[in-house]
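Residues per chain are reported as follows:
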Amino acid sequence: MRVSRLVRLAGLLATLWLGLGNPCPAAARIATDSAGRQVDIPDTVTRVFAAGPPASVLLYALAPEMMIGWVKAPRDAEKPFLLKSVRDLPELGRLTGRGDTLNLETLLASKPDLIIDFGTLNDTYISLADRVQAQTGIPYFLLDGRFGATATAVRLLGEVLGTRERAGQLAKAIEVILADADRVIAAVPASSRPRVYLARGSEGLETGTRGSINSEIIERVGATNVAEGLMRNGAIATASTEQIIAWAPDTLITMDRNFHADVRNKPTWGPIPAVTSGRVYLSPSLPFGFIDTPPSLNRLLGVMWLTHVFYPEQAQGNLRDKVRDFYALFYQVPVSDADLDLIINRAGGLK
Amino acid sequence: MNTRAGLVTSGLAAIFLLTVLVAATIGPYQIPPLDIVTAILGRLAGSPVDATLDTVLMQIRLPRVAAAALVGAALAGAGAAYQTLFRNPLVSPDILGVSTGAGLGAVFGILLGLPVMAIQLLGFVTGLATVSIVAFLARILRSQNDIFVLVLSGIVVGSLASAAISLIKILADPYQQLPAITFWLLGSIAGIKLVDVAAIAPLIALGLAILVAFRWHIGVLSLGDDEARALGIDAARVRLVIIVAATLVTASVVAVSGVIGWVGLMVPHMARMIVGERFDRMLPATLLLGASFMIIVDTLARSMAKIEVPLGVLTAVVGAPTFVWLLARSRGVWVRR
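From first to last, the protein sequence lines are chains A and B. Residue 1 is where the first sequence starts when you use the numbering used here, and the numbers rise one by one after that. Residue 1 is where the second sequence starts when you use the numbering used here, and the numbers rise one by one after that.
The shape of chain A in the complex, shown without the other chains (with noise of 0.2 Å):
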């Protein structure tokens, strides 16, 4: 109790000593996130800041009035699908993975009451929240963001910034998505389920070996993913095209559109089950990928528009009107046909 009330009295103290401007967050109650981390969270959340790219899409779904920035400014082409009040933020700069761009002062400056994180949950992660939250005084919230726990993250989320309607709603969303997905695949054999190589980069050389986050959808929709990486350890790796023509897939799904549009004339790629027949898919990617790009809930897309394209006989609806909610409860933004012809027709199969 003793305690509560220091907490209580500082921060009305550094209310006080901050000015009017800035409400400081009292810490009002105490949440667990999914690393098991304590963390401090403020009454009222209204400004939350997303730590990386998968976290930005997480935030968008779920409450875009809380977003303060961008990790990554959306490009001209991805502005359409996004929301009118979000869709001009700053680019603030990423905190997590590969190389921080954020000045710390910069997220000072930008006064979120909360910072989030969704992916990979390691020590490095874990020790990096720790640090940035003890540098700042900004409670550091991570999310699991392994497929399997979306809509527990979706869910957990929703309690810390206080949005639990709209939480329950897309969580439930994301658990209806996995299911139909299952049923699908459990009426497939497994002997009739494809075997798939994702192309990445404008040659396709680059891939996301079996395991890693980057084609983790591959196997959640059934399918195998044709490239093992070393020792298990699922990561982006390159390939080389001989050892391509050794797993002959029979599926390729790339993200590159000049790859999609070349590969027929590549005579190189031409020994490849997957060009022969023409099964070679272009991954939509606006305003998010469906793949990866980033690993989010846009990803949700993803598995229903493969289950689709790799079970058209099992698939059950109507896939443009399944995109079309989603874009609707996700996004919060409405796709004309012409917009459901520019993100999914292109990436039909070659004919």
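Derived from the structure by calculation, the hints contain no laboratory data. Any given hint could be a false lead.
As the list claims (entries may be wrong) - Here are the computed lysine-lysine pairs in the DSS-like style, where the Cα-Cα straight-line distance is at most 25 Å:
hint, chain 1, residue 1, chain 2, residue 2
1, A, Lys84, A, Lys322
2, A, Lys84, A, Lys111
3, A, Lys266, B, Lys169
4, A, Lys72, B, Lys169
5, A, Lys322, A, Lys79
6, A, Lys172, A, Lys322
Since the structure of chain A is provided, determine the placement of chain B on it from the hints.
Positioned in the frame of chain A, the structure of chain B alone reads:
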């Protein structure tokens, strides 16, 4: 003595041919050696061969072996020329900043999302430009010790370029561009194509031909400018020609393969141990050894694991201990004259 050097060089040539043959039979796509022979013969005779086998062999594996041989010979040859020219055993082909310069251009190309051919061209141009800047700096700073200023300018401009590379890495998209940049900077010929080989082969051949043609001059220059002048050689001009040739060769290689360290540093030392210090004997040995070494390393890179292991990593793992061993063996060779 002469016959011995000739014999050794022939032996190295035989080893080179053997590595080419063995490398052609190794790869993730299994082809029995006999099928390779029939495929090649069939292609020469114009009879139809299995399409996949033909693609794997003619479009992927053999161009890659050829590229490895070119890359190895080029880097080793340029390294040997520089080491002798600068009379310094620690010099490698990128001493004048050509690798970092080419790296900067290529990495910038990746950041801009340019097509691969444009990335390679940009790397080539910035590599040449970097060395030109270095040469220009050395010229306006002209001092008593020309070579010293030249090498120092190379280090200065090179570290500036690598700072710029670091900046680009920070700005790059961490999901798409950063992995591409990292792989490129570690060197790989996984994506090499017949057209790439065809594009760089004439440039490398030209550069190496110049080095071979000037092998006597380089040898004489290593004795010092005064000795060279006494023998009627214009040291400054010959040095410029050698630098241009070695830069051309290195820039062509780096443009398609990324930065591959150690080869240009280590292979000349191996050659020196085998055939001695005379540059005219050492150069052919260096070229053959460099080609064989690179083919072996690249074969490892593509067959050790299902995914590619970056060449720069392998050359460092193989190169560092070998270099220490060479130093231990050749104590005294590089003592101060």
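Against the structure, the hints:
For the proposed pair Lys84 (chain A) and Lys322 (chain A), the alpha carbon gap of about 23 Å is at most 25 Å, so the pair holds. At most 25 Å may separate the alpha-carbon atoms for a hinted pair to count; Lys84 (chain A) and Lys111 (chain A) meet this at roughly 22 Å. About 29 Å separates the Cα atoms of Lys266 (chain A) and Lys169 (chain B), which puts this hinted pair outside 25 Å; it is violated. For the hint linking Lys72 (chain A) to Lys169 (chain B), the alpha-carbon distance of about 14 Å falls within 25 Å, and the restraint holds.
Note on Lys322 (chain A) and Lys79 (chain A): the hinted pairing holds, with a Cα-Cα distance of about 21 Å set against a maximum of 25 Å. For the hint linking Lys172 (chain A) to Lys322 (chain A), the alpha-carbon distance of about 15 Å falls within 25 Å, and the restraint holds.
When each numbered hint is compared with the structure, a violation occurs for hint 3 only.
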